[in-house]
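Student: Chains as they are written, first to last, in numbering that gives the first Met the number 0: chain A, 0 to 318; chain B, 0 to 115.
Some clues are possibly wrong.
To be verified - Pair ranges (Cβ atoms, derived):
no., chain 1, residue 1, chain 2, residue 2, range
1, A, Gly99, B, Leu41, 42 to 48 angstroms
2, B, Met97, A, Arg33, 31 to 37 angstroms
3, B, Ala94, A, Ala54, 21 to 27 angstroms
4, A, Ile132, B, Val100, 56 to 62 angstroms
5, A, Tyr64, B, Gln36, 27 to 33 angstroms
To be verified - Far from chain B, some chain A residues (derived; all Cβ distances over 10 angstroms):
no., residue
6, Asp30
7, Ala59
8, Ser266
No lab work stands behind these hints, which were simulated from the structure alone.
Virtual Cβ for every residue (Gly too), placed ideally from N, Cα, C.
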Amino acid sequence: MSKKMYTRLFRLYPSRFRKEYEGEALQLIRDRLRDETGFMKRTRLFWDLAADALAGLPQAYRNSYAPTEAASLSLQTEGSPSFKVLDEQPLGRASILLGGSLSLATIVAFGFLLSRSMARLPVPGSNGRMSPIEAVVERLNRATTPDTPIIGPEEASGSTSVGASQRQPLPSPAAAASTSKSHAPAILPGSGNVAGGQNHIVSIPTQKPNERSLYLTAQLPAGEASAWRGTLTDAFGRPVRSAEIHLIGGHGELVVRTAADGRFAFSELMSGDYEVVVVLGGREVAQTKAVHLSATSSPSRLTLASGGRLLVSRPGKLP
Amino acid sequence: MPKRKLDPLPAAAFQIMLALADGDLHGYAIMRQVEEQSGGRLRLGPGTLYGSIQSLLEGNLIQEVGRPADIEVRSERRRYYRLTVTGRKMARSEAERMADVLRVARARRILRGDYV
Numbered sequence: 000m001s002k003k004m005y006t007r008l009f010r011l012y013p014s015r016f017r018k019e020y021e022g023e024a025l026q027l028i029r030d031r032l033r034d035e036t037g038f039m040k041r042t043r044l045f046w047d048l049a050a051d052a053l054a055g056l057p058q059a060y061r062n063s064y065a066p067t068e069a070a071s072l073s074l075q076t077e078g079s080p081s082f083k084v085l086d087e088q089p090l091g092r093a094s095i096l097l098g099g100s101l102s103l104a105t106i107v108a109f110g111f112l113l114s115r116s117m118a119r120l121p122v123p124g125s126n127g128r129m130s131p132i133e134a135v136v137e138r139l140n141r142a143t144t145p146d147t148p149i150i151g152p153e154e155a156s157g158s159t160s161v162g163a164s165q166r167q168p169l170p171s172p173a174a175a176a177s178t179s180k181s182h183a184p185a186i187l188p189g190s191g192n193v194a195g196g197q198n199h200i201v202s203i204p205t206q207k208p209n210e211r212s213l214y215l216t217a218q219l220p221a222g223e224a225s226a227w228r229g230t231l232t233d234a235f236g237r238p239v240r241s242a243e244i245h246l247i248g249g250h251g252e253l254v255v256r257t258a259a260d261g262r263f264a265f266s267e268l269m270s271g272d273y274e275v276v277v278v279l280g281g282r283e284v285a286q287t288k289a290v291h292l293s294a295t296s297s298p299s300r301l302t303l304a305s306g307g308r309l310l311v312s313r314p315g316k317l318p
Numbered sequence: 000m001p002k003r004k005l006d007p008l009p010a011a012a013f014q015i016m017l018a019l020a021d022g023d024l025h026g027y028a029i030m031r032q033v034e035e036q037s038g039g040r041l042r043l044g045p046g047t048l049y050g051s052i053q054s055l056l057e058g059n060l061i062q063e064v065g066r067p068a069d070i071e072v073r074s075e076r077r078r079y080y081r082l083t084v085t086g087r088k089m090a091r092s093e094a095e096r097m098a099d100v101l102r103v104a105r106a107r108r109i110l111r112g113d114y115v
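Work the whole structure out from these sequences, hints included.
Tutor: Written out as structure tokens, the structure is:
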């Protein structure tokens, strides 16, 4: 009776498995029926057979049932590429899992990078470079400022003073105009010409007034941009490394971190009054009242004094 | 491909390999041996037994052998299986892996010292 039941269950198995092992399986059941007598053992046997018939199914379907001759043949031709096996195999669970987790990791990494670069935006110039948006704003800002000095190309190539060496030549039509008529700056229309030292400095209103007002309403800082750099030391003159120096001014807050030798540099800084705050290990350790900062050639020296005071020596003066 | 089916090695397959470690056995003898060495906990039915045997054959961990000469004629229809060298190596590495786990379990005081 249990044999009949098992034969029915056995039909669920792959045909190649049945062909290979049906006789053996029935023999095993016969052996167990012979050896396991008594109500308890028989009940257990039936339960075993029913559970086993279902539990053994997945493995029976995973096996490939390749004949042994084919196996030895494929071993012989192992050196040459063969797609025979792959063709028959469905995509494995491990492959799907690997692919899924790899793509997930890529997405997470991408998102992480994206959020990091976004997080840096509010601290402009902290890494010594301008973000693309800031660069565009900077150029627009310069172009709209009515008294932006423009230097003729031949003078600009020879001059390093005036503090304009950091600026790029303006790609505006006015620049082209000054290029073509640089020998006669006085006759430029609407120009309030100024001669500065040995350089010909000509200021030209480059934009229409309505465009200018548009940029002004955006409340962008329109001052002298300059760099400020220096060294942070403790009271004994030893350099302080990896301290954050915050400049808090009317335009917002700028942050840089000191290098191993205590040096720091703010690359883009508007002249003005700033509070200087030094943060070490997430704690404010020293701060100053407003200090006037502007373009300077000599580096400043910040000293952490007792009582949370910060001494600033030789802050730059306006040239 | 067969490697993946046996990695990780299923308990039934490992028990069959252990049963064959002492010598060649046929299916029913393997089943009895496994039942004995697992303290009656694991009774392999035909589906699990021959499914595992087929996997082990495809993985070249066991092989089918001819009937031993000293077996009486009554059981001549049975197939006998033998552990291959690869199979013995794999069974050993699996047992070592389990021994490592056992060592950790003892170090964490889950087991008392009277085991193994």
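Student: List, from low to high, the hint numbers that the structure doesn't satisfy.
Tutor: 1, 6 and 7
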